[in-house]
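Listed below are the residues making up each chain.
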Amino acid sequence: MRASAPTTLRLALVFAAVAFAPCPARAAADFPPADMVLIPAGVYSPLLRTKDEPARVDVPAFLLDTRPVTNAELLAFVRAHPQWRRSRVSPLFADRGYLGHWAGDLELGPGAPADAPVVRLSWFAARAFAKAAGKRLPTTAEWERAAAAGFSSPDGATEPGFSAYVLGWLSRPTPAVFPAAGSGRPNIHGARDLHGLVWEWVDDFNTAMTTGESRADSGLERNLFCGAGAASARDVTDYAAFMRAGLRSSLRANYAVPNLGFRCARTLPAPAADPGAQ
Amino acid sequence: MKTLPSLLRTRAVLAAAVAATLAVTAPVRLVAAAPAPAPAEKPAAAACCPAPETTAAAKVADAPAACCTAAEAKAAAVAAPAPDAKPSCCAEAPPPAAPVGDRSIYQLDATWTNDAAAPVKLVSFRGQPVVVAMIFAQCEYACPVLVNDLKRLRAALPPASRELARFALVSFDTARDTPAALRTFRRRMELDERWTLLRGDTDAVAELAMLLGVKYKADARGQFAHSNLLTILDAGGEIVHQLAGLNSDVSETARVLARLLAPGIAHSSR
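As given, the protein sequences belong to chains A and B, one line each in that order. Under my numbering, think of the first position of the first sequence as 1, with each following residue one higher. Under my numbering, think of the first position of the second sequence as 1, with each following residue one higher.
Chain B on its own, in the form it takes in the complex (with noise of 0.2 Å):
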């Protein structure tokens, strides 16, 4: 007779294996994908930017831009302007950005509060390396140790590096950690302007937290248990490295990360 745990090994060999197999195309690679549409286009600006020969009455039917008002457009393109002249409602609208890769975290579109009580999107990082954890003001164990071993991190890197390195914490601890609480964890933990904490609703904290990997459960008394882990974005905000656990040998994320600061350094130099 089969012993109830070889029976009972049928189906959790299954998922194991489903996981497992799973695992070897978990994001963490940076694998080819199809490409996706980007979710959240920002707003074209040249929709009340009309080149000369497009049908502007058209464009202004469909869709005004957030620079400016249909009749506005409407009128400039009646003014029918020279090719290279824009309306001055467009005078301050940036261009519009590529959409960010398919396995960037910057998909996720959530506004953010800083300590300054400033929103602020994680898409605003783009364009550098940014190192991210997830840490809360009150923690008593491992967030202090966490942050210590990111200023080890920074402190490895070249000297050239450390200025460019930046640093984003991002808290759990959505009912008490309000930009006051992180105002005063930055003094605490004297962190810089190269330093970005951060708080978001409870949707956003749990979703960065599964796009990252990041496991933690509050208990009883307040705290959260969780894992402990550093993770890099490069400049499009894609997973190119973690560390888990405290006190690590950083050594190989600083050869990461000073790898993907070089080219601001060699930018910066000329």
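This is chain A alone, in the form it adopts within the complex (with noise of 0.2 Å):
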């Protein structure tokens, strides 16, 4: 029998309810965070290897900080958390630099405007923020594949002007003050900031194994480390990539550097959801 015309009507809605509805499995308003980016599933070449590493590396798809943390986030996690405060932090944690552009433990100062990127902390530090935020911080691959994406291609290497921006700002010296995190433009994939602002902590710096000593060695010097061979540069024209590779080289985890902030990352919830390799 056929069904009235107001039962086809409200089987309509319901059907349009359902069709144009959010897929449930996505509540809208949790992914990505609004202070995170998908960074998509792709491949990450390192800049230095071993002919036993792998030329190329899987990185799975990824949630990142849109920007760098900034001073007032990690002045609401210092109170909450005292131990990080500025005159009680361990030596072994966080170097006598620690937040040493901040006024006081929990005061920020005209040196360190509530919005900038925080610098001068140690690695320590910038792990037990991620930790307390839910998050942790990106890898190396994880932050290069980032990094890797121009403004308007997935390949910042091939996009025109890009690599003279990223070079442009190395041209330039730190400022005394930082400009606000986030302010920059985003790259294709939603990050702001990863080149022209501040150099960030990787969990893994300490996997840069260059001994960064020209006079010695242009690779890894076999003595000191198991498993060393003739390392070679991927791309000898991506200075802004050695650049990086030099900086990690020369980090200890307890080092603030009054240029060097970070930004967390978070793995994808599973079942691990992968909307395409770009």
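Wrong hints could be hidden among the right ones.
[Said to hold, decoys possible] Which chain B residues face chain A? A few, computed with CB under 7 Å, are given here:
1) 103
2) 210
3) 220
If you are wondering where the hints come from, they were derived from the structure by calculation, not from laboratory data. Quick caveat, the model's predicted, so the values are computed rather than measured. Every residue, glycine too, gets a C-beta built ideally from N, C-alpha and C.
Fit chain to chain and form the complex, with the hints in mind.
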């Protein structure tokens, strides 16, 4: 028997609501979180590697903060975790320069605008912040994968003007006071300020095993490192990547560096969602 | 026109200069620092062994110690014991330990597992110097040499110190170095009870490696590329000496270790 017109209309409305509503598997408000972007699965080519290491590393999709962590955010963290305040932190976990640009333990002052990226904090402090936020630091592969993207294409190296933009930033001295984090132009994934603002901690910075001693070698010093071999660079023209590799090699985990900040990452919740590689 | 490399040097020089400056203040040096409160204070045994003059009720209300319940403590206080009599619940409680120094590696509070599958905290080494290295059991190249270097170090000690020297080997290989794998390693390397073999979770391993300054990276074959470093921790857990490389000359390291072990020898010879 044919359904009556009002029933058909109701059915049609229900159908429309179901068909065009957001997919119930992803509550729209939750994913990705407002302060993070999804970096799709892809491949990372390490700049420096030995012949035993793969030339290309698969990087699964993950979430990355849109911008670096700010002074204000770190202030809230140290309020809640007093052992990370400047006057109380163990020198093992943060050196003497820790949060030196702040006016006090709980006071930012003119040298540390609230929305500027926080710098002068150690790897231990960055990890503690990330853990408290339910996040973690990105790995080198994840960070480099996100940073390889251009503003309008997935590969910044082939995007006209992108390399010049990055090198232009490297050629300028560090400002005394940083501009707001997140004010830079978003890359194609929506992440901002991966270039152009501060260097950023990665979770496994100590995997960069160059000795940095140009007189001794141009690769890995065999006696110092197990598993060493001749390292070859992927792309000798990627100066910014050399800068980052050099910086990471020189860091120790308790260093507080005036132009080194961080942002957080998060592993995608299971089941691993992979909208597709780019 | 400035050449590109010279433009790049501005930022690189700044970063390198800062890093170099900071290297002077790296924790390998024993620099007196402002005291910081110790993390994770042990539960105070005093909370359940109140002195008669203290307000025991208040102490009991705040934080009953692990060794006795609030009720027991309250009863003990009410009974007003003589000053030197302690409630029975506290009979086994150890005196609260002094906090570790703020440069001590023992601030790392992680729980490790040894090759007997027992839990171990690094702070248990406190009170004696210990030589630490990071290895992994499947290591094909450097780790056996590194262990041999540690044995050469021990052999280079004066005879009286050799018995006191303690060694800790911590594995990077969180996936494969189970207690059983470490036991096999111990047998293969012929390590006696002066050697402790430890495994832990990835966070603990990463943090310890960072504190010691050990670099490591897993490669595609499941081997780890890693720096070869042996570290002497003093009785308080502070780094006092490190030796990098393999087949190195251990004589200076042995001198440092012998000096640290000397108080133990003096004490035991009384």
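- Message: Just to be careful: measuring from the Cβ of residue 210 (chain B) to every Cβ in chain A, is the smallest value less than 7 Å?
- Response: Check passed: Cβ of residue 210 (chain B) comes within 4 Å of chain A, closer than 7 Å.
- May I ask you to test the interface hint for residue 220 (chain B) with respect to chain A, counting a Cβ-Cβ separation under 7 Å as satisfied? holds, 5 Å
- Closest C-beta approach of residue 103 (chain B) to chain A relative to 7 Å, hint status: holds, 6 Å
In this structure, every one of the numbered hints holds.
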